[in-house]
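Participant: Below are the chains, spelled out letter by letter.
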Amino acid sequence: MRRSTVSLGALQTPAAAGLRANSMSGDDAGPDVARDSLRCPICGAMAPSLFALNVHLDDMHFAGDGGPRHHMPHGAEETAGHSGHAGFAPAAGLAAEGVRSRYASQDDLEEVKGAILGFFRGAGKAVRGLSGSAPSGSPSATSSDHGNEDTHAQAPHDGGWRVGDKDGADRDLVTRAHWQQHRPGARCSVPACGLVLTPHTDALNCRCCGRLMCGRHCDRQVRLSATAQLARRGGVYCRACDECHTRAAGGTAGQTRDLTRGFVHLRRRAVNTAVLEGNRIEKRLEKLALVHGAAQPSAGPSTSAAAASALVLGAQPGARSRALQAAEQEVVAWEDDALAASCPFCGKAFGRLASRRHHCRLCGRVVCGRAGCSTLLAVPLPAAGGQGFSPSRCADIRACCECERTVIRHRNRLARAVPQAPDLVRLYAQIRASMALVEEILPVFNALAMRLRNLDEGRAGAMPDLPRAARVRKQLTAAFGDMDQASKRIAMLPAGTPSSSRLHEAVRRAVAQYLQLHMFPLTMLPRAPHRPLGTRSPDLVPRAPRPQHVHPAPGSSGEPTESPTGSIPSSTSTVNAHGARLPPIDGGSGSAGGSARGSIESSTADCSGSPVPGPATGGGGNGEGGGKPGMAVALANGVGGAATGIASSLLSLVAAPRRRARDEGADRDRLIQQALAADPEKEQRIAAMPLNEKMASLGVLRDQRQRVLGYIGDAQRGRRLEDAASLQASLDDLDVELSLIERSL
Amino acid sequence: MDALKAAQYYTNRIATDTSGMKVLLLDRETTPMISLVSTQSHLLSKEVFLVDRLDNVRRDTMRHLKCVCFLRPTDASIQALVDELRNPKYGDYYIYFSNILKKSMIELLAENDESEAVREIQEFYADFYVASPALFHAGLAPATHPLFAEGHSWNPGALGRTVQALSALLLALKRRPTIRYERNSAMALKLGEELEYLMAHEASLFGARPADSTQLLILDRKNDPVTPLLTHWTYHAMLHELLGVANGRVDLSHVPDVRAETKEVMLAQDQDTFFRQAQFLNFGDLGVSLKEFVDSYQSRTESHHKLDSIADMKRFVEAYPEFRKLSGNVSKHVALIGELSRIVSARHLMAVSELEQSLACNEQHSTDLKALRALVADAKVAPENKVRCVILYALRYERVQANATGELKQLLSSCGVDADLVSMVDVVLRYAGARERQSDIFQNENIFSRGKNIFKGLQGTENVYTQHTPALAEMLDLLLRGRQGPLLQEQLPSLDPRARPLVAGGESGLANQDIIVFVVGGVTMDEERAVAVLNARYSAQNVRILLGGTSIHSSHSFLTELSTTFFP
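Those protein sequences? They're chains G and W, same order as listed.
According to UniProt numbering, the first sequence is numbered sequentially starting from 1.
According to UniProt numbering, the second sequence is numbered sequentially starting from 1.
Keep in mind the hints are simulated off the structure, nothing from the lab.
Keep in mind that a hint or two might mislead.
To be verified - Partial list, derived from the structure: chain G residues whose beta carbon lies under 10 Å from chain W:
1. G254
2. Q255
3. R257
4. L266
5. P422
Stated by the list, open to error - Here are the simulated EDC-like cross-link-like pairs (lysine to aspartate or glutamate), alpha carbons at most 16 Å apart as the crow flies:
6. K348(G) with D337(G)
7. K103(W) with D258(G)
8. K332(W) with D295(W)
9. K102(W) with D258(G)
10. K370(W) with E354(W)
11. K263(W) with E339(W)
None of the values given here were measured: they were computed from a predicted structure.
We put the beta carbon where it would ideally sit given N, CA and C, even for glycine.
Using the sequences provided together with the hints, build the complete structure.
Facilitator: Dropping the structure here:
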């Protein structure tokens, strides 16, 4: 009868009252317990099975805020991407590609495209004029016509082909006898697509193979002869499908078959049930947590469970546990003990003492307490404030092994969304962003460098592109530098497992490989002619000290990337690898690092743009061009020719700081004064550093200083005076840093 | 018609279709397939940072990686994949199968992908091993896939694998060929029928009818047992025969005083220019070529020392990746060729080869027999080589009155040759004796061919060690020249009686034809060379030939394969 006392409070409708009366008689009937247990304890509705009743409880009587939260993760709808060629450009595909590689900058490309288009249109008119005069008839007739046209048109225009329009200017020139007829309900012949063709999707015939396709899969162009065969020379540019296009290009695009769609369909069935089940169990867990939270004394009165008041009223412990069980059965109806003779999982018969009956709180079935059959799940209870759940307070809830597995799988599914190793992912995103930038501007740079070189050979006079090239080069250098930094940091990330250390190493190698491949063109910028000091090209100077990242680096927005030292302990090795170019590190002085980087960029621009140095390097003007690669070679040999070695030494070469030569005789104090004037808080910051940090950076700095001294010696022996000057500048920086720290000690 | 490019198309797609950090999972068989056509650095540049085996259970969980799988649709791989999907270790899964997937396999995978980790399932038909652009094989090894069941009939497993490899190749090349088979070979016919059935069954993949001018000729090794038994003298063939090339790798670890970095060397045509140029050179020319190669290396190393001019340095730095590869190549090829020449002199292969060529090409019974007796008695010649020569003798003079095979076998035994090895003479005779063969490879069966043979002998040859031309090459040459059309038509019937005749007739020969030759029972590297020669000779006629086989044989592997089945 305890069940009815609890439920009475919930009874409201007359219909339910009728039901209630009905079941009262059932209660009296004694043996009819099974039917009684399948009655909803809240509204009293009857259910055909325990499972159905529990589903009903979930759906109708859940007081929580959630509502159904069945989110179905979407399968992979997006199949193999459609490569290249956006849209159906009127310019001939192949020609446009060729153009793109030669005229890399966008406006140049537009110009050229326009010119080419104009030219082809002219040629097209010429052909059309001819074909208009020819008697049009059977395909064979047109084919011979076409042959004639070809020879006619080729004479003046070097290749008598023209651009086929979208709606078939090739009509008269290429046979259409092989075309697949368009009937209503026809589908795109690309197996992976299979779209029903409507005016919306476009219905186009590939001029080459004749198959019908949707617009998306028929947007290439190939040259066809009059008999719709692929033509190597001559022919008319016609619309074609991807497959014919690859065939024309001489490639072998193998057959593929995409099974994703069918697979997703099959999977949806399996996953649907799993997800539904998981969500249901999850919701029951939530309700149980509410119930248990209300039952525990520390819970605030704010919990909205229906049974809360009843539970709080029952003061003595025995009644409390009974009330708790009753509340639990409101969430999930329990199977009657009398009906369960044995455990459904291990099959052992239940006894009074030895193998006791337990109820799974999640599905209501009777199971035994053995480890394989049921366990106690620790469920976090509602937090005191009424918002969310606090992991510190838990209740143990018995669950059978099936429900437990469902819960675990559900949780796994949710956990998949959380990415591990965010550091790695973030750094890798930086690398990719830099790569994308390089891919975008390297062709521009190459085109400029090529043009400049040709100019250089011709006449060594004006070089209007030089400042622009220098700017682009600076961007590239920055991108390469960022990539190198990020990859080094990745290599330094703590690797928990052997595979993650392999992964880090592989990323580092990939970047080194990339740098090795892409950095050579940077050295190819010709020297500018000598100009008197002070007449530098005006747009070079103001742009040079522009701060830091000239490109957007997604993923690094909130990160103080200015400081090359960062917060990772790898900074020391980073500095060692780039001894010649990086400013000295000091704990976390972002601004100092930032300003130094800025000056690196400006000096890079100098170095590539107009090598008009101060008096110290004036005499070395001729030698410097060779000095740079020479140094790279020396360094590469020094590190045993390892790929990473050459990449980083090239980097140090390209980004080698070259500053105005300072007065050699300036004493250290004056340098310190200057540095302090530039950054007044620096001394305090250094003083504020903890002792051990100071000692550590002192060691690093001294080590670096030795190194730089060595480099300077090399550079002077090799008469690379400009390098020596820039190295001297970084030596000065190091000295300032060292003495500041020493003084504070 | 380039098997290498066809396979590389797929590996490229596998590596590039998904962007982001990736791990590539392979199975036991796709690992060598991928490593034959792709390189570590290529994969690295496409963001494939880890490569692992699917059946390696000790992989770590790395959810931030995407997982690309390239697997054969075998039960073992599917089961391993099911286990992986039940407990996914990586983020998203992009699964590519190397062949047609059974429906039940898709269902099994779908049921077990509850966490919806799979983003894509595709079939990429790269289910064959690429030895060179014009040579592929099905990778049948006696240990895993014994070829014969009993006598001249297929072992079902080997047949299935061969059909898969051939159909995948056709799909990769997008061909639906006309199938022709050697009339006397039940195995060739069976393979053709299975393939035809599959193509009809999977019309959506292959197309409904034989649309293009591709011919698939299925030949049987038993019609030419001679080529795999000979010592060949071209570089690639020698490597196969004397050192053994397993999936593009040569194991040199057993070689005396080999340097550490050349213990195992890779042979890759598309990266190794020297190998590409020298693979078909004979041993004499090879030495000259290597000398030039080393000289060029030395001259480059010199410039490495005197880097005083700027241009020098620039060139050096720019050529750096090239340079490193080159210096690796020099030591590699020097080690390989050094070992080859050591083996040649240690095993007296020049003398052996001279006799072999004489047995294979010229009808001189008494002279041959005398020479053969002397060779068998020679203690310096290895037993295997003695047996090969006796087998060649037995094959050529099988129908000759004064046949002395029995006497030679006794002689072998008395010289201490292992009884199993001696019995190989009978094994080969059972496999490819005169009554099993259909064409007259020795040209000694009737008066006309004998006349021709004598005429050929009069022409003379420039090199006594390379007189022999594989029967396959002679047949193709006849075909392409348009000679003996009716005879070939008779020997190579088509499965489809309505197919247009193989030879159009007339003197012009074949043109605009793609021919895939598949040898049941294995191909040899010498046949690859012969096909390369033909490809070069007939490229003007727009004829392209691609060679394939159930495996690539050396004389040793050929005899091993036969010994299990054709034991008397």
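Participant: Each hint should be assessed against the structure and marked as holding or not.
Facilitator: The hints, checked one at a time:
1. G254: For G254(G), the interface hint holds, since the closest Cβ of chain W sits about 4 Å away, which is under 10 Å.
2. Q255: With a closest approach of 4 Å, the Q255(G) hint holds.
3. R257: holds (4 Å)
4. L266: holds (4 Å)
5. P422: holds (8 Å)
6. K348(G) with D337(G): Holds, because 15 Å separates the two Cα atoms, which is no more than 16 Å.
7. K103(W) with D258(G): Roughly 13 Å between the alpha carbons, so the hint for K103(W) and D258(G) holds.
8. K332(W) with D295(W): holds (15 Å)
9. K102(W) with D258(G): holds (14 Å)
10. K370(W) with E354(W): holds (14 Å)
11. K263(W) with E339(W): holds (12 Å)
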